[in-house]
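> These are the residues of each chain, in order.
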Amino acid sequence: MTRPPLKRLGILLVLFFFAMSAIVVRLVFLQVRDAQALETRGESQRMRMVPLPAMRGAITDRYGRELALSLEAQAVYADPRYVSDAAAEADKMAPLLGVRPAQLQGQLTGEGSFVYVARQVDQSVADKIAALELPGIGFLRESKRYYPSGAWGAPQVVGTVGVGSTDAYDYPQGGLELAYNDVLAGKDGEKQIELGRDGNPIPQGVATMTPAIAGQNIVTTIDPQLQYQAQVALDEAVDSNGAKGGTIIMMDPKTGEVLAMATYYPTRKDASKQAEIDRTTDPAVTNVYEPGSVNKVITVSAAIEEKKVPLDEVFHVADSYTTYGFTIHDAEPHPTERMMLGDIITHSSNVGTIMVAHELGPDLMATYFARYGYGQETGIGLPGESAGLLPPRYNWSGVSMANLPIGQGVAVTPLQMVNVYATVANGGVWTQPQLVKGTIDTAGTFQPAAAPIRRRVVSEATARTVTGMLAHVVASGTGTAAQIPGYWVAGKTGTGKVPDPVNGGYLDKYVASFIGFLPASDPKIVIGVIIDQPSTQYYGGLVAAPVFQQLGKQAIARLRIAPGEHPDFPPSAMHGR
Amino acid sequence: MAIAVVGAMVFGLAATNVLLAQGAFKMRALALEQARLRQQNGELRLSVAGLSTPNRIAREAREIGLVLPDVVEVVHKNGSRESGDAEPGPSKSTPVSTPSKPDGNE
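Listed in order, the protein sequences are those of chains X and B. 1 is the number of the first residue of the first sequence in the numbering used here; add one for each residue after it. 1001 is the number of the first residue of the second sequence in the numbering used here; add one for each residue after it.
Simulated from the structure, these hints should not be mistaken for laboratory data. Hints are supplied without guarantee of correctness; some may be wrong.
As the list claims (entries may be wrong) - Cross-link-like lysine to any residue pairs, in silico, SDA-like; alpha carbons within 25 Å at most:
(1) X:Lys191 x B:Asn1041
(2) B:Lys1026 x X:Glu190
(3) X:Lys191 x X:Ala37
Said to hold, decoys possible - Taking beta-carbon pairs under 10 Å as the criterion, some of the chain B residues facing chain X (in silico):
(4) Gln1039
(5) Gly1042
(6) Ala1049
(7) Gly1050
(8) Pro1054
(9) Arg1056
(10) Ala1058
(11) Pro1069
(12) Val1074
(13) Asn1078
No residue lacks a Cβ here, since even glycine has one placed at the ideal position from N, Cα and C.
Given the sequences, and given the hints that come with them, work out the whole structure.
Now the structure itself:
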């Protein structure tokens, strides 16, 4: 017996009604009650915020050629949730990235939704990986820092940039990279992208972007040619003298612009981790040394400025001086000699300089140390600059006036010491050293750096007199190896002892230096050559002065420096004037 | 009439979508081209910077036998020349004799 069709239809209708009701209830749950939560969950699965690191500004030499620049590169990342066959994907990518497949496979099977597979990958390599269309593999734009001149491009001045292990940002380490990071870094942007089921961006999906603003360029004062020549000369001098290290600084005395700042360190040409660390500090501003006789220019210029010692006053100078049981010797034995101020500098007499310092007195000595910038940072703007070590006046003992005037018991950075000579060369005006000429923004507008701080230390007349003495040092004193035929060079030798940090006193080691400028009558360049612990010869006049001569000739050609006039030599009790 | 209007609207909608899709493809291609050119520009900048470095130029110069001049020559406006050992600078003299090591600071 068959059921009446109407009854069956009624049952079907009821069943259909309940089914539809269940669907409607479920829809209400999904679309109303859980809508917000589900939407958020969906977005978190599909949408990803990608940081857009700003392209870092370049660091250029004074002519606009890049010492450091950033280029676009790609970071390869994986979302392990979407990686279907980690072993196969690792096998395909490993040869392109130059790593072992096992290493990659570990990354592809990790926890979480994001892991870097490789950083700073060249675009061409990234293109090859992208062509493999591997599920779960994506790319992020980032930048890679290049230093075209490498070890020859003032690496410790420029500094370096590291890459973060967990993000796409640059981390400056040392030098101008660190000091001017705010200017160079720019402003990062971000981009929101919508990913498909395979982890790749959906072509017509949601994409919003806040563009990154590129960093500004820094224009330095470095002359690349002089920097290279300084580095070559320094390397040769350190190697040929069996030295531990050294520094060469070349400056324009009138503007305070540093044209070259070369330092020597053993790992300079390496690509090792230690080399990376060494590049983060610049010994020209972070390391200090006892300057020795180059310091005498302060003692003598102070005595002249304060009119404590007439130029024609005759001193009877023995070859040793004893005070409080402490004996200072001249560099070589000699009978008691009649010396005027100029002779004392020309022959670098320690005893004569101490006699001059005693006429000056400790208070004025301390005043001129401070005026020339001892015990203070120069403010050049490099990280970690040292102020040097100058004992405060209240800590001076009786011995202090026997060693401080000749450059013992005081420590300075190479830059501080070179700037003393730049002050004399600049007519007695101390000028803050400059490494940055200005910045160039993204529109190409050049913004000059703030004018350097200047202060008068000694009068122009005193500076001229001291210059004559320094010219005499080179003409017939301890600095003859710095002579440049056709040019009058003014400068001073220094052979400072190296303090013993363990036992006190001094080691049987020296820092040989020559700091000078040319032409003496109208200085265009100051060159400081400081060689640390030479082991074959020791005197600044033999180790450093020849390097000055070599660089002086190159600077004359490079900067087209014309010969100047004959400087006025000081009166002499030893040379019949 | 209504069928014609609906047909035109459907056709217009389809055509608009096609044009949008074509535009999107074109934008994508242009973006890729822009990225490629930007990359090429960067590589050329790096290449120029590398080729301009004094160490490279010095190396190339050495290979063809060039050396830095040892004598500085100055040419005045009146045509006269000064070079090498000419006045006004001092003539080259022998460094003062010194002992092998300093007794004190020098």
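> State for each hint whether it applies.
Results for each hint:
A hinted pair counts as satisfied when its Cα atoms are at most 25 Å apart, and Lys191 of chain X with Asn1041 of chain B qualifies at roughly 24 Å. A C-alpha spacing of about 24 Å is found between Lys1026 of chain B and Glu190 of chain X, which places the hinted pair at or below 25 Å, so the restraint holds. This hinted pair checks out: Lys191 of chain X and Ala37 of chain X have alpha carbons roughly 23 Å apart, not beyond 25 Å. Contact between Gln1039 of chain B and chain X, as hinted, is supported at the beta carbon level, the nearest pair being about 5 Å apart and thus within 10 Å.
For the restraint placing Gly1042 of chain B at the interface with chain X, the shortest Cβ-Cβ distance is roughly 4 Å, inside the 10 Å limit, so the hint holds. The restraint placing Ala1049 of chain B at the interface with chain X holds, with a minimum CB-CB distance near 4 Å, inside the 10 Å limit. With its C-beta approaching chain X no nearer than about 5 Å, Gly1050 of chain B sits inside the 10 Å limit, and its interface hint holds. Contact between Pro1054 of chain B and chain X, as hinted, is supported at the beta carbon level, the nearest pair being about 4 Å apart and thus within 10 Å.
For Arg1056 of chain B, the suggested interface contact is upheld, since its CB lies about 9 Å from the closest CB of chain X, less than 10 Å. Among the interface hints, the one on Ala1058 of chain B holds; its C-beta lies about 7 Å from the nearest C-beta in chain X, closer than the 10 Å criterion. A cut of 10 Å between beta carbons decides the hint on Pro1069 of chain B: the least distance to chain X is about 7 Å, and the hint holds. With a least beta-carbon distance of about 6 Å to chain X, the hint placing Val1074 of chain B at the interface is held under the 10 Å criterion.
Interface hint at Asn1078 of chain B: violated, since its Cβ lies 13 Å from the closest Cβ of chain X, which is beyond the 10 Å cut-off.
Checked against the numbered hints above, the structure breaks only hint 13 and satisfies the rest.
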